[in-house]
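Engineer: Dock chain to chain to rebuild the complex, using the hints, since each chain is given by itself in its own frame.
As given, the protein sequences belong to chains F and R, one line each in that order. Per the working numbering, the first sequence runs over residues 1 to 381. Per the working numbering, the second sequence runs over residues 1 to 591.
It cannot be assumed that every hint is accurate.
Said to hold, decoys possible - Coverage of chain R stretches by chain F, computed from C-beta distances (three or more under 8 angstroms per stretch; other residues unrestricted):
#1 33–41
#2 458–464
As the list claims (entries may be wrong) - DEER-style ranges, computed between Cβ atoms:
#3 D388/R / L150/F: 46 to 52 angstroms
#4 P31/R / P119/F: 33 to 39 angstroms
#5 L399/R / A313/F: 53 to 59 angstroms
#6 V26/R / E160/F: 16 to 22 angstroms
#7 M425/R / T185/F: 35 to 41 angstroms
Bear in mind the hints are in silico, worked out from the structure with no lab data behind them. Just so you know, even glycine gets a beta-carbon here, dropped at the ideal spot from N, CA and C.
Each chain is listed here by its residues.
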Amino acid sequence: MSRFGTLGANLYRGQVSYDFVGKRKIWYSISAVILVVAIGALLFRGLNLGIEFKGGAEFQVPASSATISQARDVAVKAGIAEPIVTQLGTGALRVQTRPLSLAETNALRTGLGEMASVPASDVDAQIVGPSWGADITSKALQALIVFLILVAIFLSVYFEWRMAVAALVALVHDVVITIGIYALTGFEVTPATVIGVLTILGYSLYDTVVVFDKVRENTRGIAGQSRVTYSEAANLALNQTLVRSINTTVVALLPVVSILIVGVWLLGAGTLKDLALALFIGLLAGAYSSLFIATPVLCQLKERDPAMQAVRARVEARNAGRATGKGKGGVAVLEGDEGDSGNADDASGADLASQVDADAEAAVRGGGGRNQPKRTTKRKR
Amino acid sequence: MAQQQTPARPGRSLVILTLAVIGLIVWAFWPGVPNSPQLGLDLRGGTQVILKPRALNDQTISDQQLQQTVEIIRQRVNGLGVAEAEVTTQGSGNNAAIIVSIPGVSDNGIAESLKQTALLDFRAVEAETAGSPQPIPTPSPSASASASATASPSASPTASVSASPSPSATGNGAPVPNLVRAATTTPSPTASASASPTAAASPSPSVSPTTPADALIPPIQSKTNDAALQKKFLELDCSVPGATSGGTPDDPALWLVTCSQDGQAKYLLQPAFIRGTNVTDASAALPQGGTTYVVNLSFDTEGQKKLAEVSQTIYQLSPPQNQFAIVLDSLVVSSPYFREPILGGTAQIEGTFTQQEAKALANVLKYGALPLTLDLSQSTSISPTLGDDQLKAGIAAGLLGLILVALYLLLYYRALGLIAVASLMVAGIITYCGFVVLGRTIGFTLTLAGIAGAIVAIGITADSFIVYFERIRDEIREGRTLRAACDAGWVRARRTILAADFVSLLAAIVLYLLSVGGVRGFAFTLGLTTLIDIAVAFLFTRPVVSLMSRNSWFSKGGPMTGLDPKRLGVDSIPTATTTRRRTRSSAGKEA
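Extracted from the complex, chain R is given alone in its bound form (with noise of 0.2 angstroms):
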């Protein structure tokens, strides 16, 4: 065989290995940069969210819709201002998945915020109330659907005469004149509730006892807006559970009876006049001695048309028929009125908010006119406390796993044990700093499955080694010297080494391309440590044995080599002086 190929320098891939474990570990615990791996999520409490983007009417995603997801996805995680949040995606297409990494925050609330990325539409108010049945206020639907149309006296708030109507555009985010007021916000109920009252209260409320037998769930849509769709308004219970949990994508034609976000008010709004498409910006500011916060919008050509079309027709109405919803994934966001109409291209919603609050608002404008509606697939919230207990495990599960592998090893092998044991501490400096460096540069992160994944890895590297032991041993049975024993035993482990070292590779690999979530950081260690294995096999186990053969101490046998010829079940090792094998063996040409 190929016996002459046999490296006759250890020496020489000793050093090589050495030079590049010494760079490895500066390179890994350089100072001034991170000197331990990049944590998962499961190991240092945080908030993964798997979503699953789908297309409207089970189109094909299109890459770039995928990207342009990910970026407003990206834009939104970093708006929630948590440092070091991730946002990837794996597969493509209708397979494809977006993952969010929120590490730090153990909070399910963000994967609602996320998944808002859904379709946005602007439709005008038909009628609003609380958000649960009890007191139902009839607003004599009839009358005001007919109202709707044309106009009627100038309940205009005195508000309405503040902003000149100047439509020229001033500077982009200058809080200039064009507007609208924000009745209604989002995100803190006690808004809402301050807010909505206003506009609620003005009908007769009629208490019709209605139990909300099969529980309705928006949007109930309907081509006009008919008895059967006020009937259901009327019965509609907010606070239902699911009724605010949104994801169902609303058709902009139609009618549309639904909650607002938190539940508080109910709407029955009619079609959209404006797309989340139409919108070009929206930013939050503070204007100009203003206390609280101010959200900026502005238009396309086609959104300033009917912007300005149907702000001219509804401005004048009575509340809240002066209102607009801003409609995300079928429930209002915001229900600001008109307080003049908007002919510039530009609006303004004014209201109490928080910078938070007029920043999620704008966002929500901004990026939510998304081509594609996000399914949650999966959202896990693991608290600091358990991803510690996590790693703890992981770690002990890890040297565990080191020690019984020595013992045995040691126990079996001796003194060609503890070459094998001297290994696996190289495999797992080399691992280590691996894990360290990867992080820093290609953002690998250590998830527990990683770590599992390497643990396993241990019995993987020291297969390795007993496969080239167990040649030695055969190679010596064969009556060789020792040298001769490790050299051809070598060449013929190596090649099954490399075999199996390949499969496992291959099932890492395939693992990796075709997996989500945690099972990619399994994929990936499994197959970085096979890739260790072989190098510190074939840079370390090697050579080492290599110079242990030509010790005497082991060239005898004895019992603690873990070469002991009674248990090969030879007379002695040969030396080679003695060994009766013609040509066969490399060190029998040496010899």
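So that you can see chain F by itself, here it is in the shape it has in the complex (with noise of 0.2 angstroms):
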């Protein structure tokens, strides 16, 4: 823990920090390959849609000693061909058929209830029309659609276009990944599993907004300087929040876990157990690409807007020149920099990268290099 509470410290200065930025290749091929399979599964695997979906029957028996044969008897001996019976994690009995008229409803309800001697009150049914999947289908695209044109346009006010492309790359990337998840694992495709998935996209966001806002914090005013280029700002900021990333994925996956869990163990399966697992998912993913995709994919767009090329440019040949006096290439000194605007304050011990915090100017001052990864630590303390 507490070594996990320095390290907070040390990435925030830039002593240590990873260079998601940089290393984009890398975490571009992992995540293609994933989107890859994930797409692959849903082509030629597809989803095991729910009842939901397709239309038919559903009831659950509570616990009793009645076994799945004699359920798939009953269901036979009424006239229902084919039913599909699974006992659940808590000894209930689920058997799901075809779509049933009320009275076969009604007939297969009471045999069940004879069966495991419950009134057939007890014995829950559920009956769904054919039409039912495509209408929540339908509808879960429209909010899909609609949410995303939103949010776009709410980042591309809040932050800029760019962000707003970048944090939607983020998004899809989540989504198809869960979607690719229940192809490749056969978990059953529920409306709450659908309901798990819409809610993913406020999530995935949440961290993307957190992440983003630190960077443009960093890179405020950065065209008008020559040290640190767009891509260093925002790998300083993505290794700042990462603490805050972490924890913020954690304490949002603890809920979800301790729903999963008494989901399954409780109920054996559901609505609580569907919409937490196509949450975990989802959480993961979007953890994952808010740190992996969404900022190298920003960096990557603003690198061909010309005023940051004139940046990385500046950058470069300042680098160039620096090294030829130093010997290790890149590595900017700090306490080398002569400071173009020459602010008093940042003399002092406190450290140069957090001025990135404190002002445009001087997050750019104190920038030189400090996205070098595994850099030393240079400065007393």
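Structural biologist: Below you can see the structure in the form of structure tokens.
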């Protein structure tokens, strides 16, 4: 715990840092592989849709001495061929059938009740018309599109369009991965799953917004200096918010995990489990993508901007000049900075990297080479 | 930045919040009204039916049609005598869904009676036999067809004389003159079994051993009463699954072969002579001195004319041709016979009805004439046992989640974590009271999905605290005093929290507006808790942290404060006097 605590400080100063932006190719490749597998699974295996999407009837018989084959016999005797009977973790039996008429439903319900020696009203029944699934799917797609448009507008106004694009790329990445995992594992997709996936939208963005807020702060006024490139400043922001991202993700996951545990143990199946599972997968994907996808994509977009290219050129020229003197290319020794505007209060031992927070100029001033990985501490403490 | 906006009076925010929370608690726990959240059906057992209206011929559904349908369903639900049942709509036009929630009743049969709000026709009966084809009576169809056109021996029952043909409209509902008597009543199979044999018994039952190859499903229609239709009538087996599920509208202008709703009888019916829209009123009543209920009917002008015409023609025919069938959703609800011509526009159906049966039939007659067909989208019945289990599981998951999050926050943030945990509790209290109050005021029901939303929200709420605390630590790393760090950190965290919560809220609103059923409950709680999160962060967490920053123990940053300088990576937390900062923070100014 305490090591993790100090890690936060070191990350903040850039003393420990991971080059998320620079190593993007590795992570893009990893994501690309995952996405290809996910899309492949979706295309070739398809999703295991629950009866809500196919139409059908589902019964749940309270735990009793009745066995799966008994339940199957009851259904077959009621004239319902090929029922799918599963035993839930709680011992309850779940019987899924083709769509049934109400008369058949009542007959089967009574039969199952007799089998488990409980009143028919204790057998939970659900009948789903064939159009229901199509309805939810179209509603979910509608919600997805409307949400994406609104979020794009909001992020464009609050940040800028490039951040909106990067955030949405990360979002789509998360959703595709989540759906792909469902295709791959064959987890049942129910309306609760759909809710879960839609909720990921909001969650995945939460992390991204936190990171981008910091990126924006670190890069304010960056165009007017020549010490750090946009990517470097953004990478520092990522590292500085790393502890935050980890903590928010852990804290978001804990309740989801507890829903998952309780849902599986106490109920066996149903809304809680389906919802929590989708959230669990989506949250992990969301945490991953806000670190490894969203910001690197943003940096790529930004670096195409002529203004940022100019910054990069100046920084590179400057580093090249410095390298001749220092030998160790690119590692700017902070104390050596002549400081273009020469603000005196930086001269103190106060961490230069932290100036990023203080104001834009300071951010820029202190930034030289701070995103070099594994940079050794070079200041006395 | 905007440090000067930082509230300098944390006490005031706390007082406001305390008053608001006390007010909320009092409101929620006011004696004499329900003091717990209104639970959804999945938590207390019950039946939820989601119906999709469909207009005939794929027309667009107007709001008025939808409203009318909902009104009718509501009447029907109320007619079932179930307390607290609810009928709501979501969406509009062809995307509309009607959601019926019936708490405490775990019975899929309800869906059946609600769905019946379909097309209602009155058709003259051409032939009627038992529902299954085993004892097939062949009522020489050609003969009966011709017979129906012209009058024949007066085989009318003795009862026909009883009613006086004075068609004067005597007070509505008063069981008077004009009449029809029920031969078959819907709801109870026993009633129809005892009644229909008289009708079906007539012809010689020449048994044809037809095996129902491809099961015929009503409605079976034809332009004329031809041989093919009669053959189908003979072959029709009402005990085949699906034969009595209905739901397919029939064309009133065509002949119809169909089953009774209970599958006990099947009918060959003439084109409709009265449409359901011609019925202006129907009610159940207990005639003076009577022991069984009757259903009184009145018709509009067109209906009166047709009824007079048809009843005059067929009342003298021999059974079953003196009957007419009330056809709902292409299935026969009831097939009374005419005792006498009905000239006055009001009629009475007699039979061995119980009050409930009479009411049900009256409802069908009165409200059955809907311009919309209803498809069953989903019907879920949950037993109170499972409901209770789900509620317990939801609460257990919530507690477990809360404990895990609290432990993590305490371990990582120590004393600051304690503030976070306290904030979560305040948020929890507000959320619970909010559920109670909203349940009473706007009928908000807490479903399992809603509980899940609230649990997930623990994470979102705690995230705001983390964002703030990390900011404070960042500011301290920059050499600010604790007090300055708390203020400056808040200004920055505030923007992030608002932006991130806004996105969550946006997701919740979009989900709420574009979803059906359980999703809505989830979206609602998610949105509500996001708002509560903002309120708690601004009115509780922030002021408490602010107060804390003035505390000398905290300012020193001991290991238990969560602001241990060693972990933050600074030598010590500067105090106001040692701050090297210039005027960048409000604390700097204050100091």
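Engineer: Hint by hint, note whether the structure agrees.
Structural biologist: Going through the hints against the structure:
1. 33–41: It is violated, with 0 qualifying residues against the three required.
2. 458–464: Check passed, 5 qualifying residues.
3. D388/R / L150/F: 46 to 52 angstroms: violated, 39 angstroms
4. P31/R / P119/F: 33 to 39 angstroms: holds, 36 angstroms
5. L399/R / A313/F: 53 to 59 angstroms: holds, 58 angstroms
6. V26/R / E160/F: 16 to 22 angstroms: The hint (16 to 22 angstroms, Cβ to Cβ) is violated, given that V26/R and E160/F are roughly 47 angstroms apart.
7. M425/R / T185/F: 35 to 41 angstroms: holds, 37 angstroms
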